[in-house]
Every structure is written in structure tokens, then in C-alpha cells.
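The C-terminal position of the sequence shown is numbered 201 in my numbering, with every residue numbered one higher than the one before it.
No lab work stands behind these hints, which were simulated from the structure alone.
Some hints here could point you the wrong way.
[Claimed, not checked] No more than 20 Å apart at the CA atoms, straight line, and that leaves these computed lysine to aspartate or glutamate pairs for EDC-like:
hint, residue 1, residue 2
1, 46, 22
2, 5, 63
3, 167, 107
4, 55, 7
5, 50, 7
6, 46, 7
7, 187, 152
8, 46, 10
9, 50, 63
10, 167, 186
11, 55, 10
12, 183, 107
13, 80, 39
14, 46, 63
15, 183, 152
16, 50, 10
17, 134, 107
18, 183, 171
19, 23, 39
20, 23, 7
21, 46, 13
22, 183, 155
23, 187, 155
24, 55, 107
25, 23, 13
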Amino acid sequence: MIMNKHDFKDYLEADRISLAREKHYSLREIVLHEIIEPDYIWSFEKLLRKVEYLKNCRRNTLDRINYAVTLMQFNRLSIKLGYYIHPNNFGPGLSISHPGFILVNPEARIGSNCRIHPGVVIGTQAGPSNRAPKLGNNIYIGPGAKIFGLIEIADNIAIGANSVVNKSFTEPGISIAGVPARKISDKGTLGIENPTETTPL
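I would like the entire structure built from these sequences, with the hints used as guidance.
And the structure:
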């Protein structure tokens with residue numbers, strides 16, 4: 001969770017690396033990315049982190065005004081991209097693969113270096129709205145995966161496309177897939193230098 005300006009910068013840098021974005025752009029690249037072909041995903045992640053920083057750390061009236069304005073921009077871009085991701089859902093190193101519908105319950109917690117694809121739903125079990133999943137670090141979530149309930153997913157797990165995960169998987173470094181999901185391999189995201197840039201399944 002972002003609790004100060006140092007955290008804010010660290011999260012942004014981890015996200016930039018996970019998305020494979022350049023640190024410094026030439027003037028031509030700036031015109032290309034910001035005007036001709038805007039990089040909406042990177043813009044979304046930057047706004048997400050700014051909202052988190054201002055939500056968690058605002059101290060005065062100016063911060064509250066800045067938070068309200070930034071939140072409005074964030075919500076507008078969320079609707080445009082189809083992302084329903086809330087502040088403080090994800091740790092640093094978030095990599096959203098493409099525009100397309102993604103829904104994450106506000107109470108869900110996902111660790112660092114998560115690679116997530118369109119069609120993913122991370123929600124609660126039927127009934128209480130706060131019984132949401134907790135996912136570890138270095139998680140790969142394939143397109144269309146559904147993850148529900150008060151469950152835990154260990155570190156370095158790859159979740160296959162269109163899987164339905166409704167129980168905990170506490171063994172790290174495995175791949176799971178299916179409806180309902182089950183272990184299919186001992187090869188998760190462990191050992192991959194940058195799991196957010198690689199599709200392990």
C-alpha cells in the first residue's frame with residue numbers, strides 16, 4: 001500500500017518496468033504516445049497510483065481537492081477502458097495486458113508483479129461483499145479467469161484462461177486451470193525473470 005511519496009515513486013517505477021514502458025521518451029515518441037496514439041493503459045496505471053497516494057496520504061485542503069479531481073479523471077478513464085479496479089487492490093508491478101473488461105472487488109488484495117488479462121473477475125462469494133480473494137506475489141491471471149470467495153492464492157501461481165477459482169491454492173509455484181480450477185502443472189511463474197512480461201501457459 002502506498003503510504004508516502006517514496007512508496008508512490010516506487011510503485012510507479014515497478015509498474016513502468018512491468019509494462020515495459022520507456023523511462024524517457026524522445027519528442028517524437030511523446031507526440032506519438034500522448035497525441036496520436038495515447039497509451040491509455042499506462043495513463044490508467046499512473047492515475048491509479050496517484051489516486052492511491054492522495055487517498056492514503058492527503059493531509060490538507062489542497063490534497064483533498066487534488067484527490068477529487070484526480071479521482072474524477074481516473075473514473076472517466078476506467079469507464080473508457082472497462083476497468084473496475086479500486087485503489088489499493090494491487091501491489092507494485094501491475095501489468096494490465098490490454099484494454100477490456102476487468103472487475104476487481106474493492107476488498108480483494110493482490111500482491112506485487114501481477115499480470116492480468118481482459119475478462120477477469122475477482123469477486124466475493126455469495127452473501128457478504130467483503131469476503132474477497134487474497135492473491136500473492138508474481139501471479140499470472142489468464143484471459144477470462146474468474147476468482148471468487150474468501151480464498152488465498154500463493155505466490156508464483158499461474159491461473160489459466162477461463163478458469164473458475166473458488167478454493168484456496170496454498171502451494172506456491174504451480175499452474176492451475178479448469179472449471180473448477182485444479183493444479184495442472186508444477187510450473188508456475190517461478191524462475192521467470194519478469195513474470196509480467198511472459199505468458200507461462
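Numbered hints the structure breaks, given as an ascending list:
Violated hint (a single one): 12; every other hint is consistent with the structure.
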